[in-house]
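Undergrad: Fit chain B to the known structure of chain A by using the hints.
2 protein chains.
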Amino acid sequence: MDIMFNLNAYLVSKREKINSALDKILGDFPGASRLENAMRYSLMGDGKRLRPVLCIAAAEAVGGRATDVLPAACAFEMIHTYSLIHDDLPAMDDDDLRRGKPTCHVAFDEATAILAGDALLTLAFQTLSSADGCCIKNQASKWLGVVHKISFAAGYKGLIEGQMRDIAFEGTRLSLNELEAMHSLKTGALIEAAICSGAILADGSYEQVEQLEIYAKNIGLAFQVADDILNVEGNPSIMGKAAGTDKTRKKSTYPSILGIEKSKIFAERLVNNALQALEGFDNRSDPLRAIAGYVIKRKR
Amino acid sequence: MDIMFNLNAYLVSKREKINSALDKILGDFPGASRLENAMRYSLMGDGKRLRPVLCIAAAEAVGGRATDVLPAACAFEMIHTYSLIHDDLPAMDDDDLRRGKPTCHVAFDEATAILAGDALLTLAFQTLSSADGCCIKNQASKWLGVVHKISFAAGYKGLIEGQMRDIAFEGTRLSLNELEAMHSLKTGALIEAAICSGAILADGSYEQVEQLEIYAKNIGLAFQVADDILNVEGNPSIMGKAAGTDKTRKKSTYPSILGIEKSKIFAERLVNNALQALEGFDNRSDPLRAIAGYVIKRKR
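Heads up: the protein sequence lines correspond to chains A and B, in order.
Anchor point for the first sequence: position 200 equals 269 in the working numbering, and the numbering is continuous, going up by one each time.
Anchor point for the second sequence: position 110 equals 179 in the working numbering, and the numbering is continuous, going up by one each time.
For reference, chain A alone in the conformation it holds in the complex (with noise of 0.2 Å):
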């Protein structure tokens, strides 16, 4: 890797341009209705952007460039933040801050919650089926399939069974194979998505995506076994969010089954994985390299 090469920067400018595209997308007006200051009060938060930035950072990978997958970047936002809007909610796991405030069913109420996040996830579709690209009649069969792509990860075999088994599971001592098909079911699935789709978008070529899968897999492990971690020993006020919850909550995770040290080994071991996946890759990868050191050091 170009030990030169800035992440931070690369975030800042990223992020700043999904930040960008999603203020376009969900304009902020004088008059704008209930619903639509909800769905923005939660998608405008201070997040990390991960699974948009991943999108680029693999459509650069394979020589694209980050406006050729900008409607689907801010897709994958769009479905996580309506994901997070739905899991806050009392019937499920009742949290009141995120993304350093309160939640949306705190802030507006419960109905409005539940509304605007199916808002953002239909938003989604709408977003990635309006894509300027799309127009061209030979980009139309890509943009259909990351559609399809998309729905599965975040359907009733992805993200949300991911959901119902974390619920499910609150309480049960689960075994290391439970723990992580439920996380590659409620993170890695998205990830993958997000990640893939970036490449397909970027005419990639099929061993491209091929290890930008496993890439995915790995990173989004990675990621999930560094949020365990973060809840046993991060810090509330720099996480935007509380700490200790899932100790509280009797869940199963990584620490909880492996211990800390070993799963920091583990979530070493995963980052690894990953960068070993991209070897064929040359220096336009960097970003995802970094990222990959990021998802498991970063700070919340």
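A few of these clues could be false.
One copy or two, either will do: identical chains are not told apart, so a pair holds if it fits within one copy or between any two.
Straight-line C-alpha distance at most 16 Å; calculated EDC-like pairs for lysine to aspartate or glutamate [what the hints assert, rightly or not]:
(1) Lys331 / Asp165
(2) Lys226 / Glu105
(3) Lys226 / Asp97
(4) Lys218 / Glu239
(5) Lys211 / Asp162
(6) Lys86 / Glu348
(7) Lys218 / Glu282
(8) Lys211 / Asp272
(9) Lys333 / Glu239
(10) Lys211 / Asp97
The set of hints was computed from the structure by calculation and includes no laboratory data.
TA: Relative to the frame of chain A, chain B by itself:
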């Protein structure tokens, strides 16, 4: 209209086709997850299947076949069902009975109902993007266009905003204009999208789609006026849901503003407008003509 046209036989045959397609998409198998069971429970309920039938009838009216548009027809029923599951939640209308059986959150639990709704919405887009016809490149842009039309109609400037207003307006006396605007968002937008998508996917001409849009706007509103009348005069055991609920909730309705008799006259005028819009169509639009009448004569 061909007076020999048998609407009942038509509805039975189309519903059978739709139910079997839905059944195939959301397979029933031993070991299905709780989430899949909840999705199936609500989706396979005894619904009228109005939106998918309209989608198919519109395709037929312009010379297409049901099979050409079946994935879209199914998607409309999934989106309609998801919206019912979420509307019935305790945080919203708090209804216990739907399609003649306990609502999803009563039969399962609140978290499962929220997620089953999310999953049906997501599955709608998965279905639209996995349509067999999409493999053919010049079909993809048509299907992507339908993804866009549906996501707009179901989104924060359509169905979801309609539900926001429905909740916000409870206990408020509305003007006719406010009531109509609310219904055109909450019910009209999706019915219109179902009809137009059917015609577009079956390669209807621009003029045909335009006329069908007028038809759709009128029967969409007529449907709602009839629903309001049923809520006053209907038989709960035939409707499969409670009657008199609008009055209890102090909702503004057509009967509460216009009175029952004037509401009936208004509904008939809308149906006549809808029939007029079909004047340039041949007898392949007889199902649409018959459905226009059915919309205000139905008992559930």
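Undergrad: Indicate, hint by hint, whether the structure satisfies it.
TA: Right, here's what the structure says about each hint:
Within a single copy, Lys331 and Asp165 get their C-alpha atoms no closer than 31 Å, and across copies no closer than 49 Å, so neither meets the 16 Å cut-off. When the C-alpha separation of Lys226 and Glu105 is checked against a cutoff of 16 Å, the pair qualifies only between copies, where the shortest distance is 9 Å, while the shortest distance within a copy is 29 Å. With identical chains, the CA atoms of Lys226 and Asp97 are at most 16 Å apart between copies only, with a shortest distance of 15 Å across copies and 35 Å within one. In the homo-oligomer, the alpha carbons of Lys218 and Glu239 never lie at most 16 Å apart, since the shortest distance is 29 Å inside one protomer and 40 Å across protomers.
Neither within a single protomer nor between protomers do Lys211 and Asp162 lie at most 16 Å apart by alpha-carbon distance, with minima of 36 Å and 40 Å respectively. Within a single copy, Lys86 and Glu348 get their C-alpha atoms no closer than 28 Å, and across copies no closer than 51 Å, so neither meets the 16 Å cut-off. In this homomeric assembly, Lys218 and Glu282 come within 16 Å of each other (Cα to Cα) only inside a single copy, at 13 Å, whereas the closest approach across copies is 31 Å. In the homo-oligomer, the alpha carbons of Lys211 and Asp272 lie at most 16 Å apart inside one protomer (9 Å), although the nearest pairing across protomers, at 22 Å, exceeds that limit.
For the identical chains of this complex, Lys333 and Glu239 are neighbours neither inside a copy (23 Å) nor across copies (53 Å), given an alpha-carbon limit of 16 Å. For the identical chains of this complex, Lys211 and Asp97 are neighbours neither inside a copy (31 Å) nor across copies (31 Å), given an alpha-carbon limit of 16 Å.
Against the hints set out earlier in the document, violations occur for numbers 1, 4, 5, 6, 9 and 10.
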